[in-house]
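Chemist: Listed in order, the protein sequences are those of chains E and W. The first sequence runs 1 to 128 under my numbering. The second sequence runs 129 to 386 under my numbering.
Hints are computed from structural coordinates only; laboratory data are not their basis. Please read all numbers here as calculations on a predicted model, not as lab measurements. Backbone N, C-alpha and C fix where the C-beta goes; we use that ideal spot for every residue, glycine too. Hints may be right or wrong, so weigh each one.
[Said to hold, decoys possible] Computed far set for chain W versus chain E, every beta-carbon distance over 10 Å:
1. 137
2. 156
3. 170
4. 192
5. 219
6. 221
7. 223
8. 245
9. 281
10. 357
11. 361
12. 381
[As the list claims (entries may be wrong)] Straight line, CA to CA, 27 Å or less: simulated DSS-like cross-link-like pairs of lysine-lysine:
13. W:167 <-> E:5
14. E:100 <-> W:380
15. W:195 <-> E:5
16. E:5 <-> W:368
17. W:236 <-> W:287
18. W:131 <-> E:5
19. E:100 <-> W:131
20. E:100 <-> W:368
21. W:167 <-> E:100
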Amino acid sequence: MNDSKNPLSPHLQIYRWHVSSLLSITHRISGVINLLALISIFSWIIILSIGESNYEIFLLIINSFFGKFILIGFTWSMCFHSLSGVRHLVWDLGYGYEIKTANISGIIVIISSLFLTIIFWLFARGLI
Amino acid sequence: MVKFSLPENSKILKGQYFKDKTGSSNLKIVHIYRWDPEKNENPREDTFEVNLDMCGNKVLDILNKIKNEIDSSLTFRKSCGHGVCGSCAMNVDGVNTLSCMKSHKDIKGDIRIFPLPHLKVVKDLVADLSMLYKQYESIEPWLKTKKSKLHENEINQSKENREKLDGLYECIMCACCSTSCPSYWWNGESYLGPAVLLQAYRWISDSRDEEKKERLKMVADKLKLYRCHTIMNCTSSCPKGLNPAKAIGSIKKMLATS
Numbered sequence: 001m002n003d004s005k006n007p008l009s010p011h012l013q014i015y016r017w018h019v020s021s022l023l024s025i026t027h028r029i030s031g032v033i034n035l036l037a038l039i040s041i042f043s044w045i046i047i048l049s050i051g052e053s054n055y056e057i058f059l060l061i062i063n064s065f066f067g068k069f070i071l072i073g074f075t076w077s078m079c080f081h082s083l084s085g086v087r088h089l090v091w092d093l094g095y096g097y098e099i100k101t102a103n104i105s106g107i108i109v110i111i112s113s114l115f116l117t118i119i120f121w122l123f124a125r126g127l128i
Numbered sequence: 129m130v131k132f133s134l135p136e137n138s139k140i141l142k143g144q145y146f147k148d149k150t151g152s153s154n155l156k157i158v159h160i161y162r163w164d165p166e167k168n169e170n171p172r173e174d175t176f177e178v179n180l181d182m183c184g185n186k187v188l189d190i191l192n193k194i195k196n197e198i199d200s201s202l203t204f205r206k207s208c209g210h211g212v213c214g215s216c217a218m219n220v221d222g223v224n225t226l227s228c229m230k231s232h233k234d235i236k237g238d239i240r241i242f243p244l245p246h247l248k249v250v251k252d253l254v255a256d257l258s259m260l261y262k263q264y265e266s267i268e269p270w271l272k273t274k275k276s277k278l279h280e281n282e283i284n285q286s287k288e289n290r291e292k293l294d295g296l297y298e299c300i301m302c303a304c305c306s307t308s309c310p311s312y313w314w315n316g317e318s319y320l321g322p323a324v325l326l327q328a329y330r331w332i333s334d335s336r337d338e339e340k341k342e343r344l345k346m347v348a349d350k351l352k353l354y355r356c357h358t359i360m361n362c363t364s365s366c367p368k369g370l371n372p373a374k375a376i377g378s379i380k381k382m383l384a385t386s
């Protein structure tokens, strides 16, 4: 039935979110953010090679509140994507498909990604 | 191209409000998706006040009650009423399920009922599943044996081999899983979807079938199989408690190790 007169039933608008579906979309989004993070790292190297005065501006940006927010965001995104990637690898090995297990592993990924981000920044600031 | 919003002709408008006429205080508010092919209008969401004093426990009982007592034009599929036929699959309270299995007592507040997601609507809660049936046909869901061999007796199966079909043969093809899957929403024309892949795996796992290799080759297509990103909406929604995500994972693993 390809009658265009017939409406399409609602989907994303009405479907309830589960831990598993939220983590799946976050995995994708963090993948895109990681790409932006990589671009930022390359830009950093390029700016470093251009000269001191340009680098001063770069430093100003990343030391601002907004800059720090972005950097911490990048760190979290990297941590989350890697951990979530491990979760996908475990699935590929054939384990963890039960809803309960998948929910637990998902929550572990969220908590450890936040924890890793905190550890990383404490370490970077020389606090541990 | 992935389209997240609904097309203009599918936007849901506010519908009629059917007030309770029985004077009962035990009321449940039920919102139901309506679309009439005979009228040239957008779909709407009607609201019914349903008297639960004289009503069974299941969402299907509410639908029957509305059809019998409030609005006889309400259209939905149903048959067995006991979760065996798979006809009454619909989206209840944001999750696909069989309305005959879902107790309305488990739903707090109002109940919202829609047809299975991302399908062409035929009328009200009836959606068009012909594409899914075509895909089901494409995996050739029957036992295949080599023609050269003549089987004069039945093909015996050991207890262990029979057990490999547990969790697969119970599927009733209600389409709850496939229509819960965002990958199937966006790529329904090329991706087989969880219901059909679970069936594919059911035949791949059958010890009596002699075309396992060909079957694996058939589903090993980038879109047919690998559009599954383990979102797991399928397993969350299956009213029979089966695990299509695991079945798809098993096919992927079989392909990777064979």
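Chemist: The structure should be examined with respect to each hint, and the outcome stated for every one.
Modeler: Against the structure, the hints come out as follows:
1. With a least beta-carbon separation of about 5 Å from chain E, residue 137 (chain W) fails to lie farther than 10 Å from that chain, contradicting its non-interface assignment.
2. Listed as a non-interface residue, residue 156 (chain W) keeps its Cβ farther than 10 Å from every Cβ of chain E; the least gap is roughly 19 Å.
3. Once the 10 Å rule is applied to beta carbons, residue 170 (chain W) is inconsistent with being away from chain E; the minimum gap is 7 Å.
4. Listed as outside the interface, residue 192 (chain W) is consistent with that label: its C-beta sits roughly 21 Å from the nearest C-beta of chain E, beyond the 10 Å cut-off.
5. Some Cβ of chain E comes within 10 Å of the Cβ of residue 219 (chain W); the nearest lies about 6 Å off, and the non-interface call is violated.
6. The beta carbon of residue 221 (chain W) sits about 7 Å from the closest Cβ of chain E, which is not more than 10 Å, so the claim that it is off the interface is violated.
7. Not every Cβ of chain E is farther than 10 Å from the Cβ of residue 223 (chain W); the closest lies at roughly 5 Å, contradicting the non-interface assignment.
8. Under the 10 Å C-beta cut-off, the non-interface status given to residue 245 (chain W) relative to chain E is violated; the minimum distance is some 4 Å.
9. For residue 281 (chain W), the non-interface assignment is confirmed: its Cβ lies about 35 Å from the closest Cβ of chain E, beyond the 10 Å cut-off.
10. Once the 10 Å rule is applied to beta carbons, residue 357 (chain W) is inconsistent with being away from chain E; the minimum gap is 6 Å.
11. Non-interface status of residue 361 (chain W) relative to chain E is broken: a Cβ of that chain comes within 10 Å, the nearest being about 5 Å off.
12. With a least beta-carbon separation of about 5 Å from chain E, residue 381 (chain W) fails to lie farther than 10 Å from that chain, contradicting its non-interface assignment.
13. Restraint check: the Cα-Cα separation between residue 167 (chain W) and residue 5 (chain E) comes to about 11 Å, which is no more than 27 Å; the hinted pair holds.
14. For the hint linking residue 100 (chain E) to residue 380 (chain W), the alpha-carbon distance of about 22 Å falls within 27 Å, and the restraint holds.
15. A C-alpha spacing of about 25 Å is found between residue 195 (chain W) and residue 5 (chain E), which places the hinted pair at or below 27 Å, so the restraint holds.
16. Restraint check for residue 5 (chain E) and residue 368 (chain W): not satisfied, since their Cα atoms lie roughly 34 Å apart, outside the 27 Å limit.
17. The suggested pairing of residue 236 (chain W) with residue 287 (chain W) is violated, with an alpha-carbon distance near 44 Å, which exceeds 27 Å.
18. About 18 Å separates the Cα atoms of residue 131 (chain W) and residue 5 (chain E), which keeps this hinted pair within 27 Å; it holds.
19. Taken as a hint, the residue 100 (chain E) and residue 131 (chain W) pair is broken in the structure, with Cα atoms around 31 Å apart against an allowance of 27 Å.
20. Between the alpha carbons of residue 100 (chain E) and residue 368 (chain W) the distance comes to roughly 16 Å, so the proposed pair stays at or under 27 Å and holds.
21. For the given pair, residue 167 (chain W) sits about 45 Å from residue 100 (chain E) by alpha-carbon distance, which is inconsistent with the 27 Å threshold.
Violation of the numbered hints given earlier is confined to hints 1, 3, 5, 6, 7, 8, 10, 11, 12, 16, 17, 19 and 21; the remaining hints are satisfied by the structure.
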